[in-house]
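Visitor: Chain residues, written in single-letter form:
2 protein chains.
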Amino acid sequence: MSSTEYQVDRRELQFVVNETLKAGKLCELPDFAEFDEEMFTMIINEASTFSEQVLGPLNENGDRQGCRIENGSVVTPDGFANAWKQLGEGGWLSMNMPPEYGGQGLPEVISIIAKETQLAANQAFTIGASLTSGSANLIYTFGSEEQKNTFCEKMFGGKWSGSMCLTEPQAGSAVGDAATSATKQEAGHYLIKGTKQFITNGDHDMAENIIHLLLARTTDAPEGTKGISLFIVPKIRIDGTPNDVKVISIEHKMGINGSPTCLLSFGDNASCHGYLLKAENIGMAQMFQLMNEARLLVGLQGLAGAGAAVQNAWAYAKERTQGPSAIHPGEKAAIIEFPDVRRMLMQMKAVTEGLRALMYTTAWYTDMAHHGPDESREKYQDLLDLHIPVCKAFGTDQGFDVARIGIQVLGGVGFTQDFPLEQNTRDQKIASIYEGTNGIQALDLVSRKFTAKKGQLLKVLEQELSWFDNHAPEDELAGWVAEWESYRTLMQESIAGLKKIGEEQGKDGYVLYAANMLDLMGDVLCCFYLLKQADSAQQKWKTLLAEATSQAKLLEENDEAQFYWNKLRTTEFYVWSVLPRALSNAKTIKNANLAPLNACL
Amino acid sequence: MSSTEYQVDRRELQFVVNETLKAGKLCELPDFAEFDEEMFTMIINEASTFSEQVLGPLNENGDRQGCRIENGSVVTPDGFANAWKQLGEGGWLSMNMPPEYGGQGLPEVISIIAKETQLAANQAFTIGASLTSGSANLIYTFGSEEQKNTFCEKMFGGKWSGSMCLTEPQAGSAVGDAATSATKQEAGHYLIKGTKQFITNGDHDMAENIIHLLLARTTDAPEGTKGISLFIVPKIRIDGTPNDVKVISIEHKMGINGSPTCLLSFGDNASCHGYLLKAENIGMAQMFQLMNEARLLVGLQGLAGAGAAVQNAWAYAKERTQGPSAIHPGEKAAIIEFPDVRRMLMQMKAVTEGLRALMYTTAWYTDMAHHGPDESREKYQDLLDLHIPVCKAFGTDQGFDVARIGIQVLGGVGFTQDFPLEQNTRDQKIASIYEGTNGIQALDLVSRKFTAKKGQLLKVLEQELSWFDNHAPEDELAGWVAEWESYRTLMQESIAGLKKIGEEQGKDGYVLYAANMLDLMGDVLCCFYLLKQADSAQQKWKTLLAEATSQAKLLEENDEAQFYWNKLRTTEFYVWSVLPRALSNAKTIKNANLAPLNACL
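So the protein lines, in turn, are chains A and B.
Counting in the numbering used here, the first sequence runs from 1 upward without gaps.
Counting in the numbering used here, the second sequence runs from 1 upward without gaps.
Careful: at least some of the hints might be erroneous.
Here are the simulated lysine-lysine pairs, PhoX-like style, with alpha carbons at most 25 Å apart [stated by the list, open to error]:
1. 590(B) with 590(A)
2. 507(A) with 318(B)
3. 587(B) with 587(A)
4. 278(B) with 226(B)
5. 85(B) with 246(B)
6. 459(B) with 379(B)
7. 25(A) with 85(A)
8. 590(A) with 587(B)
9. 184(B) with 532(A)
10. 587(A) with 193(B)
11. 454(B) with 379(B)
12. 507(A) with 246(B)
13. 507(B) with 332(A)
14. 159(B) with 246(B)
15. 459(A) with 500(A)
16. 193(B) with 332(A)
17. 453(B) with 226(B)
18. 184(B) with 226(A)
19. 226(B) with 332(A)
20. 85(B) with 25(B)
21. 318(A) with 193(B)
22. 318(B) with 193(A)
23. 85(A) with 278(A)
24. 193(B) with 379(B)
25. 379(B) with 587(A)
No lab work stands behind these hints: they were computed from the structure.
Since we're looking at a predicted model, the values are computed, not measured.
Could you build all of it, start to finish, from the sequences and the hints given here?
Guide: Quick look at the structure:
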């Protein structure tokens, strides 16, 4: 571990993916039959090395140098273009994409590793990459054969990049208010006219072409979201001529300065060609279909930032001395000796590993929903749909908070640019906003997911959460699970209570504390998945302990033992020192105070 | 209110200072006999205008332009030098300082207004100013007549500025590890040699001279904090010759870029003269004596940042439209219509006003402790000592969080430099670190303040918190007070529980969750002082309502009624939707999980 660089915690990733989620078992499914666990391990290592050696070293300069516009085009920080080339050629853009267009066809739960490590190494660079994957996936899912043949392979390989053009200056979260127009031409294509804002990688110098996936309204389209269509709008037309797309400006931001956030003008000279994706007026539905993947990726930005922060803070706390040591008389104390520093580090570690357990499991649900046995696909899709807003909103809020604590662990130097914590914190702040603000995620959770299919999603979750009924926890774990069960009950009561509030107070009352409901659920879920991990860790720990002469000696000499021991301590800490936050959220929901609606704002 | 500028909420300040704290009554004390309430009101207005018109406009450029070193000296952002001149000449540096050296001798509770508004308008500029006040105050308190005559008036008036040189690269929070040496010369002065880090306003171009108050070790001084002495070290000696103080570099930071944070070298050429303040080896005690004032000021940075954030977010939420309005059919909705946005704004407002109630009351305790009737001075000093770590740590953590929520209210534009929220958040982050990290504040609270004088401070607090026993709350307030009382009991139980944990687990166990104890106390105190405010507001509201034809009409037409109504809603929100956080802290303390001490870190 290093206080200034990012190094992948390979041991933790191996544990989560292979030892607890048993990703190897996915290879029993026909779609993943060509893989095995050993290959997964190899991929984890390769992905880690790429992130550490290629992306990490560009992170700091990406922030300091930032992006600029020169001669009407965006210039990215030094080294970004070269890294992009390696990203594409290494297949990192299309790990989970179908092999027919050059993708690797890997499970989501393996693909997520590469994404986490890339984001942890360089948030600004990687969020742009995820938009290329996302837009390529839209074309793969909805495009004609010709469109797929034209775009997919080039985008999977990074030769061409992608962008998502949803937001307009007057329409942020209200996507249905988009005013960009698309007028059908006799030749079959559409003429696009409008302005799009906050377009990540909307222009740059890293790929040969940029393929914009753009929402626009066709002539006489219905109002609102029902009249939105999705178009492919290349920066350069397939025949090599420019396509009347202009970058007007880039944003000056709090963070992700290495990522160009563009204001784009389409059709200034009435010659911007767009190609309809499938059919008119289904753009919102198309976006929704790939929303889960996009939102998990943004949640992952929180996890990745948190993961990097823990490492940096942990390493610093071990190397920084301050005052006399109570443990080693005559020496100076490393600040990691101090209880308050240890508490902060454990908070960071517990939340980070809880988020990882949550998100990697959600990735596994994705695999099972898309590739698992037919009879269980609906169940996993339900779990996936319910987990996504939690991954996105809880993940990004908690990730930011973990980085904030990291600054605090470092003290004065944490506030300086000499250490990566402050940039990490700044870079992360956007994640609670884009891809549906966290407030919108909370609305999605309580208004859509709780009520979908007459509450079926919640029923499926309850089944999943009763896992320990059939896996009786042993020793100290029994007490932790019992404690967690009381919070699980609290969550159920809060859901029921919220429903009642809605019946009595109407819709505004129902959604007023949706954010608290989401946070409550986030803690209960993270802790649940950590407890499942602890169940595995406990077995391994007990086996090692049985063979050891003493616990102290074992912990001193055996890294594996230390890993499992710490996993248990981390879970324990989550149960007794993090989970109590759920009490606060449950009480707030129960109190259902309507002052925000009654105040004169 | 404005989404991009800072405007003082004069109505709120009047309410807090004159209507609830009854600052006018302080004029009955001999030390403040020359003032009256009308003068206080005038000063509130003048201070507000200065902050809005002089400091606010320099805030954004101060961040973007930052400081630089040119020819061995620090150059501050455009306009800062001129603003400094006005600050000094306007008497804003010495509002609460004694008139004999040009101070205004005002109560702390009035002085705090100027400081809050200055910090809210421009954090980077103002934190430097507070160090001039602080170091001048040290000289005034401990200096010889000659020293006072030489330095005080010039520093009170800003002609000369001050800095505090405590931290050294190898000694951050462990001040006792300071290695800078002071060697006594026959002429009476000392030769100073050493390096000081993180020195705010350690060098700049705003004043004619910089007077460093510096901690150093004299020859043969005892080890640790007992061997630290305090010296006056001017940048330019009184005879006009340079004093061998060199600025080596300035920090590149996350925020407060307009404030030069210097690495200073003293005595490179063995000719740095320092003048002892009072006596050798009492430097730490001297620092401690003025620590309350300094820590309240840093807490105030959190309050000020929060106050500015609420305004900006509130104004933006009223002007930004998005989607169709549910209230005004056919129109677009201002985002302030949305429940989640209203919840966020109320959270920001409730916490900010809670912090203001806490800190202004603490300022009033300062006045009573220093200038009140002799028989009650000890009581107010006890309250002051107990409140200070809460003001500092809870204030800065909550202030940062309020600004963070402000970014979220704005959405995408909140992450850009087009609005002041992101800078506000960055600027604030340092406040949880300097002047004793928030972890150290928590230690101070539970290890020093709880145990001082055999627990006397807590007893005095309990008396203070039983205020409602003699002021029976009416109507809806009765229910709020009853609810708050249950949290007050919880706080008492947590304090008792913590003591028991200490007895069973030793010192490390006792301090492990000190931060939770401090946060729990912060919420209980903020809510208490808000409830006292609500008691005043309720009287006024009822009077206005009795004369009105209807509540709806009153709220629509009468700004005063709206103010009192909102104060009640804000208090209500704190009780039912913020205070529940205390449950989480209480449970964590009670659980007393030792995983952080047992993990292999």
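Visitor: All hints, please: hold or fail.
Guide: Right, here's what the structure says about each hint:
no. : hint               : verdict
1   : 590(B) with 590(A) : holds, 23 Å
2   : 507(A) with 318(B) : holds, 21 Å
3   : 587(B) with 587(A) : holds, 13 Å
4   : 278(B) with 226(B) : holds, 15 Å
5   : 85(B) with 246(B)  : holds, 24 Å
6   : 459(B) with 379(B) : holds, 10 Å
7   : 25(A) with 85(A)   : violated, 33 Å
8   : 590(A) with 587(B) : holds, 18 Å
9   : 184(B) with 532(A) : violated, 66 Å
10  : 587(A) with 193(B) : violated, 57 Å
11  : 454(B) with 379(B) : holds, 14 Å
12  : 507(A) with 246(B) : violated, 64 Å
13  : 507(B) with 332(A) : holds, 19 Å
14  : 159(B) with 246(B) : holds, 21 Å
15  : 459(A) with 500(A) : holds, 18 Å
16  : 193(B) with 332(A) : holds, 23 Å
17  : 453(B) with 226(B) : holds, 22 Å
18  : 184(B) with 226(A) : violated, 83 Å
19  : 226(B) with 332(A) : holds, 18 Å
20  : 85(B) with 25(B)   : violated, 33 Å
21  : 318(A) with 193(B) : violated, 30 Å
22  : 318(B) with 193(A) : violated, 30 Å
23  : 85(A) with 278(A)  : violated, 30 Å
24  : 193(B) with 379(B) : violated, 43 Å
25  : 379(B) with 587(A) : violated, 35 Å
In terms of the numbered hints stated before, the structure departs from hints 7, 9, 10, 12, 18, 20, 21, 22, 23, 24, 25, listed from lowest to highest.
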